[in-house]
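Protein chains: 2
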Amino acid sequence: MIKSDNITWHASQVTKQQRQTLLNHKSAVLWFTGLSGSGKSTVANAVERALYEQQVTSYVLDGDNMRFGLNKNLGFSAADRTENIRRIGEVAKLFVDAGTITLTAFISPYRADRDQVRALLDADEFIEVFVDTPLAVCEQRDVKQLYAKARRGEITGFTGIDAPYEAPEKPEITLDTSAQPLEASVAQVMTYLREHGIVPAVTADEE
Amino acid sequence: MIKSDNITWHASQVTKQQRQTLLNHKSAVLWFTGLSGSGKSTVANAVERALYEQQVTSYVLDGDNMRFGLNKNLGFSAADRTENIRRIGEVAKLFVDAGTITLTAFISPYRADRDQVRALLDADEFIEVFVDTPLAVCEQRDVKQLYAKARRGEITGFTGIDAPYEAPEKPEITLDTSAQPLEASVAQVMTYLREHGIVPAVTADEE
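Respectively, the protein sequence lines represent chains E and Z.
Quick note, in the UniProt record's numbering, the first sequence goes up one by one and the last residue is 207.
Quick note, in the UniProt record's numbering, the second sequence goes up one by one and the last residue is 207.
Just so you know, the hints here were simulated from the structure itself, not pulled from any lab data.
Positions of the beta carbon are idealized from the N, C-alpha and C atoms, including for glycine.
Treat each hint with caution, since some may be false.
As the list claims (entries may be wrong) - Below, simulated DSS-like cross-link-like pairs (lysine-lysine); rule was C-alpha separation at most 27 Å, straight line: (1) Lys144(Z) x Lys72(Z); (2) Lys72(E) x Lys170(E); (3) Lys149(Z) x Lys72(E); (4) Lys16(E) x Lys170(Z); (5) Lys72(E) x Lys149(E); (6) Lys149(Z) x Lys16(E); (7) Lys72(E) x Lys72(Z); (8) Lys72(Z) x Lys149(Z).
Stated by the list, open to error - Far from chain Z by the CB rule (all over 12 Å, computed), these chain E residues: (9) Leu23; (10) Ala50; (11) Glu53; (12) Gly89; (13) Gly99; (14) Leu135; (15) Tyr165; (16) Glu169; (17) Lys170; (18) Ser178; (19) Ala179; (20) Ile198.
Claimed, not checked - Negatives, chain Z to chain E, calculated, CB over 12 Å: (21) Leu22; (22) Arg49; (23) Glu53; (24) Pro109; (25) Glu125; (26) Gln140; (27) Arg152; (28) Glu154; (29) Ile155; (30) Glu169; (31) Pro171; (32) His196; (33) Ile198.
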């Protein structure tokens, strides 16, 4: 497999398929969408951990690494929110091309924005994961006290309170984190990835 | 190594170090900079091929996948050129965090822009590769006939003709593609990566 440098190099680029073969799995975007507090990041990080345990290369794009980096020059206007999702979609596409299973955890409330990302990718590469946790549950969790502030009018344009959340019409996966433990949500995503041949099946030996 | 899903998941995120361990190599950016026609893309793609042959996960960011995707809403004004490089730097940082050896192939003529990317990354993660092919050679190659157009004044602001190229002051690697064959440039980069412990050494058996 490994060759010395002393061969004649051709200009042929390494293809996505070759990278997937090297990594022993396919690549795709798991696009988590749902209300603030629905559990998008928690599930995405737990799935990343599950993939890592199975030696699958994955990466989570979330507010922490996008809003303070690539998208730090964007605000919260309608145009900037759309550009935020567009850039995340383009980065996810690059990661998929690189062979990485990419998990994104953003509210991404607008159907048109999500569909624009879907259109960037091949049909089997965009997996919309609707984290369909009821608003009442999200509001009760209110880890960052954002719902309380939105209810008091201290924050405006807050998704689910005074800004719309457009639920996916045909998500590939639907999770309700209030109705099942985290392990079950992780298992649901992992089963999808295995059944669609994106990651290898776990053999009985490995269970 | 591989576990079933039926364990209690913790919210702990997978770290860059864990991803590097999984992939069996470190990650870094090889930032190729140089004049149009200097050979940046050719060398970057050949290095990617060499890394692939050694089962190292790498990815090339270049005009093809950036200008028509993430950066398609940018033009060629000074501000847009700076934003172009900033975004590429931020994406490269994400790829390095994901454990991928990332090769970028852009003229990136301004020292300040390149230094801004360097500042985003850890000290040993930014490897500036100065493709120091003389202007006369680049102009003679003129694959895309851009130099000819710039000389005729049909293109303005062309790096090396009527726009400056600010050479790196302390590049980690300097290559002159007019003075050595492609294989030698690739070997030079691969040697750097091995000597700095970024990719594993090739054993005698594998040569």
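When you look at the beta carbon of serine 178(E), is every beta carbon of chain Z farther off than 12 Å?
holds, 17 Å
Since tyrosine 165(E) was said not to touch the interface, does its Cβ keep a gap of more than 12 Å from each Cβ of chain Z? Holds, since 24 Å exceeds 12 Å.
Was arginine 49(Z) rightly flagged as not at the interface, with every chain E Cβ beyond 12 Å?
-> violated, 6 Å
| message | Between the alpha carbons of lysine 149(Z) and lysine 72(E), is the straight-line distance 27 Å or under? | response | violated, 37 Å
Going by Cβ atoms, does alanine 50(E) stay more than 12 Å from chain Z at every point? Per Cβ check, alanine 50(E) is inside 12 Å of chain Z; nearest 6 Å; violated.
**Prompt:** proline 109(Z): least C-beta distance to chain E exceeds 12 Å?
**Reply:** holds, 22 Å
Non-interface claim for leucine 135(E), where every Cβ of chain Z lies beyond 12 Å
holds, 23 Å
message: Minimum C-beta separation from glycine 89(E) to chain Z exceeding 12 Å: can you confirm that?
response: Glycine 89(E) not clear of chain Z: closest Cβ-Cβ about 9 Å, inside 12 Å.
Consistency of the no-contact label for isoleucine 198(Z), given chain E and a CB cut of 12 Å:
holds, 15 Å
Worksheet item: Hey, does proline 171(Z) actually stay past 12 Å from chain E on C-beta?
Response: holds, 21 Å
Problem set entry | Beyond 12 Å from every chain E Cβ - status for isoleucine 155(Z) | holds, 25 Å
Status of the stated non-contact between alanine 179(E) and chain Z (beta carbon gap over 12 Å): holds, 17 Å
In terms of the numbered hints stated before, the structure departs from hints 2, 3, 4, 6, 9, 10, 11, 12, 13, 21, 22, 23, listed from lowest to highest.
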